[in-house]
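With the hints as constraints, model all of the structure from the sequences given.
Given next are the chains, with one letter for each unit.
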Amino acid sequence: MKFVDEFRDAELGRAVAGEILGAVDPARHYKIMEVCGGHTHSIYKYGLDDLLPSNVELVHGPGCPVCVIPMGRVDDGIALAHEPGVIFTCFGDMVRIPGSSQTLLDAKAEGADVRIVYSPLDALRIAKQNPEREVVFFAIGFETTAPSTALTLRRAKAEHVENFSVMCSHVTIVPPLRALLESPDLRLDGFIGPGHVATVVGARPFTFLPDEYGKPVAISGFEPLDLLQSVLMVLRQLADERAEVENQYARVVPWEGNLRALEIMSEVFALRPHFEWRGLGFISQSALRLSDAYAEWDAELRFSVPGVRVADPKACQCGEVLKGVIKPWECKVFGTACTPERPIGTCMVSPEGACAAYYNYGRFAREREVA
Amino acid sequence: MTACVAAHGCITCGDEAAPMHVVKVDAERGLALCCDAAGAHSSVEIALVEPVAPGEVLLVHAGTALGHAAAPSALGHAAAPSALGRAAASPALGRAAALPPPGLPPPARIPPLPGISQGATRETPA
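So the protein lines, in turn, are chains A and B. The letter at position 85 of the first sequence is residue 85 when you use the numbering used here, and the numbering goes up by one with no holes. The letter at position 68 of the second sequence is residue 1068 when you use the numbering used here, and the numbering goes up by one with no holes.
Don't read these hints as lab results, they were simulated from the structure. Incorrect hints may appear among the rest.
Unchecked claim - Footprint (simulated), chain B over chain A, 3 or more residues, beta carbon under 8 Å:
1) 115-125
2) 134-147
3) 255-267
4) 317-327
Using N, Cα and C, we set each Cβ at its ideal position, and we do this for glycine too.
Set out below in structure tokens:
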């Protein structure tokens, strides 16, 4: 398919890998964070890590929408799913995320009506088909997914669908990146920027990385050549002692983003004062709630939600993995007590999670040689 | 479109967006019938990318089109890595001409946005 096949050309990949080799200083160790979980998945799916010099280390960032949802929030969703008469809808990976005592899949086994949807619009359709039932949609995701939820809510309002509501757990990408950069235990040289978030918000919001922190950025696509080229762009900025936002994914990412999407998000959502991120703690103004104009469709106002903060299991080190402080295989339960079949932490649930990517593509016993 | 297959995970949870060809447009309902790389058809919300015409490639996430995939000829290639540049010039790898152009328009010309994302960029976490 156009825009896909040409970015998987092995010969070109090897050529770019050769250019990367020529762009690095052998005496220097490079740490480049790929922000998005989709990038992590692609890197290990295509074995791109093996094409890089040993002194170029890819650090996995917090951009996995499922991984960053805290356990207490999952418990809130499970509590709503158990409400009498409720049809609880969510995306596929969410049903397997462990809460403090069970998953949504367990709740379904106990009789709760939990349904997997691909799009929030599917949840709205279920609401229209079941006017006697309350339909709740568990909205997760970064700015990539938020426009779809916003459009759905606008449709619900226009069509007066009153038995539909949204438990909004959408998050934004910039605040956690700031939090990471302020963290003393992580030194990064540059960033592979999240291409699909940038499709919505544009490349411009990432200028704070070079402007305030002096870190080069390449907004990247998700195919193998996209990622290799982005690594090369960051390395060249470092070699030239430049720090700027470069847009490798310009075939879909406009500098200013999708203005219609931003407009509708502004109408439907408002920033939460603070939100808890798994592993990162509370980050101010890092998540979205429904705006006052859409309060009628806010599941947290319509139902009683426990809202209890729950600590992660002690054995799980998802927090350190999400911050890029440790590699997945350095976690004590990785590949033993915690596997994709029986996950303890969120990073092992979603294929975009670094732990699942390592596990599924055979990196579970491998230690990279670093300078 | 494959949505939530256990072996591959949920593409919506994974923040993935898939390029899809537009087959047919229903402008009145704000929907388009689109076809993905595997040949699967699905109905896509196009409110954020209208106008849309059959044959175009859209980037689709969670049933919503987020953007158009731009024709490479409409973009510049000045800063492309040399290996990619060579390949793009090769008749045998003609399709590589679709490789993305690095480089951005000057940011100074873009006015600040009142939207959510703009607000988020200014916030400092706790």
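Which hint numbers does the structure go against, in order from smallest to largest?
As far as the earlier hints go, only 4 is violated by this structure.
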